[in-house]
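All chains should be built: construct the whole structure from the sequences, respecting the hints.
Chains V and S, in that order, give the protein sequences. Counting from 1, one number per residue, gives the positions in the first sequence under our numbering. Counting from 1, one number per residue, gives the positions in the second sequence under our numbering.
Honestly, the hints are just simulated from the structure, not real lab data. Worth double-checking, as some hints may not be accurate.
Stated by the list, open to error - Below, in silico cross-link-like pairs of lysine to any residue (SDA-like), each with a Cα-Cα straight-line distance of 25 angstroms or less:
| hint | chain 1 | residue 1 | chain 2 | residue 2 |
| --- | --- | --- | --- | --- |
| 1 | V | Lys173 | S | Ser67 |
| 2 | V | Lys173 | S | Arg27 |
| 3 | V | Lys173 | S | Gly61 |
| 4 | V | Lys173 | S | Gln8 |
As the list claims (entries may be wrong) - Here are the in silico distance ranges between beta carbons for each label pair:
| hint | chain 1 | residue 1 | chain 2 | residue 2 | range |
| --- | --- | --- | --- | --- | --- |
| 5 | V | Asp87 | S | Ser41 | 31 to 39 angstroms |
| 6 | V | Phe67 | S | Pro63 | 39 to 47 angstroms |
| 7 | S | Pro63 | V | Arg90 | 53 to 61 angstroms |
| 8 | S | Thr6 | V | Leu66 | 39 to 47 angstroms |
| 9 | V | Thr174 | S | Gly65 | 25 to 33 angstroms |
| 10 | V | Asn91 | S | Leu96 | 15 to 23 angstroms |
| 11 | V | Leu159 | S | Leu90 | 52 to 60 angstroms |
| 12 | V | Leu66 | S | Ala84 | 34 to 42 angstroms |
| 13 | V | Leu66 | S | Pro63 | 23 to 31 angstroms |
| 14 | V | Ala120 | S | Thr6 | 34 to 42 angstroms |
| 15 | V | Phe24 | S | Tyr97 | 45 to 53 angstroms |
| 16 | S | Ala84 | V | Phe24 | 43 to 51 angstroms |
Quick caveat: nothing in here was measured; it's all calculated off a predicted structure. Backbone N, C-alpha and C define an ideal beta-carbon position, used for all residues, glycine too.
Okay, here's what each chain looks like letter by letter:
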Amino acid sequence: MEQVSTPASVAEPVELPVRELDDFDSVVRQYWPRVFRFALVSLRDRDAAQSVAQDCFLRAWRSRQLFRGDSALATWLMRIAVNLVRDHARNRRLRFWSRAQASMDLAAASRWLSDGRASAEECALRRERIQAVWEAAQALPQRQRTVFLLRFVEEMDLLEIAAATGLAEGTVKTHLFRALETVRQRFGGTP
Amino acid sequence: MNQHLTPQEISQCVCGEISGAAESHARECPACRAEIQRLSSALRQFRGAVHEWSRLEGGDGAPAGWSPAQPRSFRLPLMRWAAAAALLALVTAAPLYRSARQRQVAAQAARAARADALLLQQVDFEISRAVPVPMEPLVTLISQSDSQSTASQGKTK
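What follows is the structure in structure tokens.
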């Protein structure tokens, strides 16, 4: 199995204790990339992603006294982000001047893929695969896409996804397997 | 288990949610194992590409100086308001500019008409002369001599 390293800059944040919510600047520093990334890949709009990330941390800061640590801080923040992304996507559908949605910068992704060890053919193949997953993800219904992105981009487990989306664990599983099946079909996969 | 894994079982494998006979089949069957690896690998690459894309889009941290404790950055709404205000100013200024331009054109036309009228007056004056300018002294002389001769004839009569 080929190994694809995760960039050092996107290493998973260390979970902060609840009392560390008082040092909110640290919370923002630690979790901003995750919230922004989820918003970006969901909305495909840099400005909207930045706006959602700002709103997410603003809401978290305003209601930080209500956070009792029942779930992980990351899960709590992702729950706020999921709701904001959903609201933003819903509002955007109503806007007749909605801007064109950006595609993932595959040229940039290609630079990351060219790790020096892979051949040009291998890079092209990887690019095709990424494109196929990207297109399949965009075609998914909103809930399936959210679950899919939380699982495979943010690497959250099923319980965390259930907590972040407010769905039952069984429902999360169903959405996830359906989303995966769609992606697999896009690949022309056969059982 | 001789049959290949179902699509759902493959999805479960990719999510690490499989056990029992399906799990052992996934280990033993090269076709199913290859399918699981292919999908897992593509998803890992997708994750890496999204992380890199986000990093390139400036998602490493909050905008400089932004903090939820501070008043919210209204950069985006402000830009939109500025664009809307510019558009409104343009829409309002366009008729004003057009009307000012029309006034300017009308004033120019009036000035040109006055100049034309003056020129025509001068032309008329030149045309209405009985003799050319160089001959005017001669005409004066003739008219003087005529008046003198008329006066002398009157005396002799």
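Taking the hints in turn, this is what the structure says about them:
This hinted pair does not check out: lysine 173/V and serine 67/S have alpha carbons roughly 36 angstroms apart, beyond 25 angstroms. For the proposed pair lysine 173/V and arginine 27/S, the alpha carbon gap of about 23 angstroms is at most 25 angstroms, so the pair holds. Pair hint lysine 173/V plus glycine 61/S does not hold up; C-alpha atoms about 32 angstroms apart against a cutoff of 25 angstroms. Annotation: proposed proximity of lysine 173/V to glutamine 8/S holds, straight-line Cα distance about 11 angstroms (limit 25 angstroms).
In this structure, aspartate 87/V and serine 41/S meet the distance hint of 31 to 39 angstroms, their C-beta atoms being roughly 35 angstroms apart. Range check, phenylalanine 67/V to proline 63/S: Cβ separation about 24 angstroms, and the 39 to 47 angstroms hint is violated. For proline 63/S paired with arginine 90/V, a C-beta distance near 25 angstroms fails the hint of 53 to 61 angstroms. Taken as a hint, the range 39 to 47 angstroms holds for the pair threonine 6/S and leucine 66/V, whose Cβ atoms sit roughly 44 angstroms apart.
Checked against the hint of 25 to 33 angstroms, the C-beta distance between threonine 174/V and glycine 65/S comes to roughly 44 angstroms, which is inconsistent with it. Range check, asparagine 91/V to leucine 96/S: Cβ separation about 36 angstroms, and the 15 to 23 angstroms hint is violated. Between leucine 159/V and leucine 90/S, the C-beta spacing of about 55 angstroms keeps the proposed range 52 to 60 angstroms intact. With their beta carbons about 36 angstroms apart, leucine 66/V and alanine 84/S fall inside the hinted range of 34 to 42 angstroms.
As the Cβ distance of leucine 66/V to proline 63/S is approximately 26 angstroms, the hint placing it in 23 to 31 angstroms holds. Checking the proposed 34 to 42 angstroms range against alanine 120/V and threonine 6/S shows it holds: the Cβ atoms sit about 36 angstroms from each other. Under the hint 45 to 53 angstroms, the C-beta atoms of phenylalanine 24/V and tyrosine 97/S, about 51 angstroms apart, fit the expected range. As the Cβ distance of alanine 84/S to phenylalanine 24/V is approximately 33 angstroms, the hint placing it in 43 to 51 angstroms is violated.
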